[in-house]
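Protein chains: 2
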Amino acid sequence: MTEIRVGLLGLGTIGTGVARILIEQEELMRRRLGKSVRLVAVADRDLTRDRGLDFSDVRLTDDANEIVRAEDVDLVVELIGGYEPARSFVATALAHGKHVVTANKALVAKHGEDLFPLAAEHGVAMGFEAAVGGGIPCLKALREGCAANAIESVYGILNGTCNFILTKMENEGADYADVLKEAQQLGYAEADPTFDVEGIDTAHKLSILAAMAYGSKIKFDEVFTEGISRITASDIASASELGYRIKLLGIAKPHGVNGEVNAVEMRVHPTLVPADSQLAQVSDSYNAVQVSGDFVEHTMYFGRGAGERPTASAVVADIMDIARVCSSGSGPDGVAHLAPPMGFVDAERRDLATLPVADVECEYYLRLMVQDQPGVIAAVTSILADQRISLEAMSQKERSAANSVPVVMLTHETTEGNLQAAISRIIALPAVEEDVLILRKESKVA
Amino acid sequence: MTEIRVGLLGLGTIGTGVARILIEQEELMRRRLGKSVRLVAVADRDLTRDRGLDFSDVRLTDDANEIVRAEDVDLVVELIGGYEPARSFVATALAHGKHVVTANKALVAKHGEDLFPLAAEHGVAMGFEAAVGGGIPCLKALREGCAANAIESVYGILNGTCNFILTKMENEGADYADVLKEAQQLGYAEADPTFDVEGIDTAHKLSILAAMAYGSKIKFDEVFTEGISRITASDIASASELGYRIKLLGIAKPHGVNGEVNAVEMRVHPTLVPADSQLAQVSDSYNAVQVSGDFVEHTMYFGRGAGERPTASAVVADIMDIARVCSSGSGPDGVAHLAPPMGFVDAERRDLATLPVADVECEYYLRLMVQDQPGVIAAVTSILADQRISLEAMSQKERSAANSVPVVMLTHETTEGNLQAAISRIIALPAVEEDVLILRKESKVA
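So the sequence lines, in the order shown, correspond to chains A and B.
Taking the numbering used here, the leading residue of the first sequence gets 1, the next gets one more, and so forth.
Taking the numbering used here, the leading residue of the second sequence gets 1, the next gets one more, and so forth.
It cannot be assumed that every hint is accurate.
Claimed, not checked - Incomplete in silico selection of chain A near chain B, CB under 7 Å:
hint, residue
1, Ile21
2, Gly34
3, Pro137
4, Ala141
5, Gly215
6, Val296
7, Arg304
8, Ser313
9, Glu348
Said to hold, decoys possible - Below are the SDA-like pairs computed for lysine to any residue, each with C-alpha atoms no more than 20 Å apart in a straight line:
hint, chain 1, residue 1, chain 2, residue 2
10, B, Lys444, A, Asp284
11, A, Lys35, B, Ala347
12, A, Lys35, B, Glu348
13, B, Lys35, A, Arg350
14, B, Lys35, B, Ser327
15, A, Lys444, A, Glu241
16, B, Lys217, A, Glu27
Hints listed in this document are in silico derivations from the structure and should not be mistaken for laboratory results.
Since the structure is predicted, the reported quantities are computational estimates derived from the model, not experimental observations.
Here a beta-carbon is modelled for each residue, glycine too, at the ideal position from N, C-alpha and C.
Looking at chain A on its own, in the form it has when it is part of the complex (with noise of 0.2 Å):
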């Protein structure tokens, strides 16, 4: 029986998933995998809290730099969190010939293209599936699973925190402000939430799944990126009235001429998905990616992305594929068989342009504040003919406390830079307020 031993950096509350599947699970693991899976050390700062868990087998550590070296650790599961220290113990751990799995999807959005030539130099894998959807296995779907086709589109609700907020204010005709305060209490979000309703957590999640489905560069720091905080229950209302529900979407696709992919369109946005359309039914803390292809068409992947034990489903699927092609003392070989960690083998990476944010398609929903006088509205759309965009609905929202009322409008396809230059003479207008709500329509999700 042949074994692989892991140490497991962080008890945090994934960590503690894994550790309760590495041990409560074993035997159901070993019979899957034919042989076993050995969680050999643990580092944590606090080693006193109960988490419930036997450890007598287990080396418990407060010192990660010791587990990253040690010589009877084989993988090390990195569930620290964030950029630093993640990087160095991960990089670490590479260059100490052992494979790695994290859920970090900070860490490989922004440093994994210095970690995976590591790996590779160490001949050694690297696994991250828990770092996009949580529990879903979408990357390895994506990666694998419609590895013969074009990939068309990658649409995804990455976050379960603004999916939440966005649910329960349509659900409930509530505002923004009123239930995030509801989340935070719930634990759905954090008290410092910037990360998750600004879309920076979807923007990490997305530039993994865009590197991966154009076998590009990952280019988190080139994502376009835009948060939930402005939306508001009269928004969602106005969105369900014509038909659509509003999800923050990270969208990826590809630009080229014949086939050939020389750029990549990556945004997150707040977006209008048809309301029968299967992402707008992905509800509550609920996650989705869906990828279409130019053979398989639309696919669509379910699940929770996020909590212990579905996040730890997924990192331990990581360390299972792993298993498989290696086990105590194993040389780079077997690795060599496991699907490359981006997709695409390493020489075959490009560093594809992101496609400048002007030159996005897309289709907008526009919300305006007008005065409420004749020949505004005449003014604006006079403007929007001139820019060439259509508009494919419009309505006048009751007066508000103000003089002014709300005006929303739903284009047909434009650029974003036509759409900003519309914009900006739309605003220059004096019975126009500065304040305009640009969302943006996606009509060809499934």
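Mind docking chain B on chain A? Use the hints.
Below, chain B without anything else, positioned relative to chain A:
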């Protein structure tokens, strides 16, 4: 540059799709794999029909026997369908040391247990992702993505023809026979639709999913199977009023004590699922597989369950997985690095019993035809009470042409045996007709 040489049996719809990917997507596949996949030979009875593909570098033959023995073929793709001669060709290919990929669910369900050992004996792989869920990488998701979980349930919408018919019946209030005729005209249903509409195709697929989920043998013959042909527009409307949609589901659940599975429940039948569930949203010819595990909770995999291009996508995904672990002339070592075909290593697969149908616990939808006279409902409900079956809802529908009226009841959970005993007593009532429709209900789907 290593390569893997593919021989293709069957140039029908899916075979043409596979040939198309291998030819058109050659460069993309090479970038993802780091090696080449080359179509070297194709066998079909009809080699004259134009498939719009350039086969100038491919050996065309009408003799499949030549390909399954050919020296220059590493991997045989079987897309003939049906039991024979597909089984013989696959067995011969495996015995000649060739990897096999198939989309043939009937073959895997019926003969998989003979073919897997043959593959193992000759150190080759057998892939069949396309056999379940068409283009959806659902077997990979279950086998590898959810490998850290004890599987709590598998629910599948696995037949596009049935889902198309049920969706159309619901959307148009149309009757089964009319919609079937339309589906046949559109090519969504076969001239003889028995295999699809009576649930046999779904049972093939479910038997594979169940064996994979629980580490048991494939027991297609033991799947309890009912089709959709007795459902009326009025049943769909009644279900809708009660907050449910009707889907043909394949359902697998484990039974046992202390987490040890000792029997597997397998059933295929029209099922009421909550209208707001993710499964209920899967419409038209789409398929979906919902896998729930003790750690990952609910996951769902959605996409096209049939068709040239989606099914070919899954076939080629299998080819690529196998290509990753081997190349021309490689031995059995690489194959051992693949996940085992049925998700558990051979020695750990067990011959688990199928739960007797009488012991299956379910909620029920009952449609009785009763004479419109006093005391009938009282008599029926007192029999149910006597059998300790409690009602969740009941509705009496408009009078039909005859003297009898339909009565619809939803029950809480009871065993199939107990329900059948109750039904026997109920139809013995003089005022109740023998024609009772029993549908089943699953409230716990996501």
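Results for each hint:
no.: 1; hint: Ile21; result: holds (5 Å)
no.: 2; hint: Gly34; result: holds (4 Å)
no.: 3; hint: Pro137; result: holds (2 Å)
no.: 4; hint: Ala141; result: holds (5 Å)
no.: 5; hint: Gly215; result: holds (6 Å)
no.: 6; hint: Val296; result: holds (4 Å)
no.: 7; hint: Arg304; result: holds (5 Å)
no.: 8; hint: Ser313; result: holds (4 Å)
no.: 9; hint: Glu348; result: holds (4 Å)
no.: 10; hint: Lys444(B) - Asp284(A); result: holds (17 Å)
no.: 11; hint: Lys35(A) - Ala347(B); result: holds (12 Å)
no.: 12; hint: Lys35(A) - Glu348(B); result: holds (11 Å)
no.: 13; hint: Lys35(B) - Arg350(A); result: holds (17 Å)
no.: 14; hint: Lys35(B) - Ser327(B); result: holds (8 Å)
no.: 15; hint: Lys444(A) - Glu241(A); result: holds (19 Å)
no.: 16; hint: Lys217(B) - Glu27(A); result: holds (19 Å)
In the structure shown, no violation is registered for any of the earlier numbered hints.
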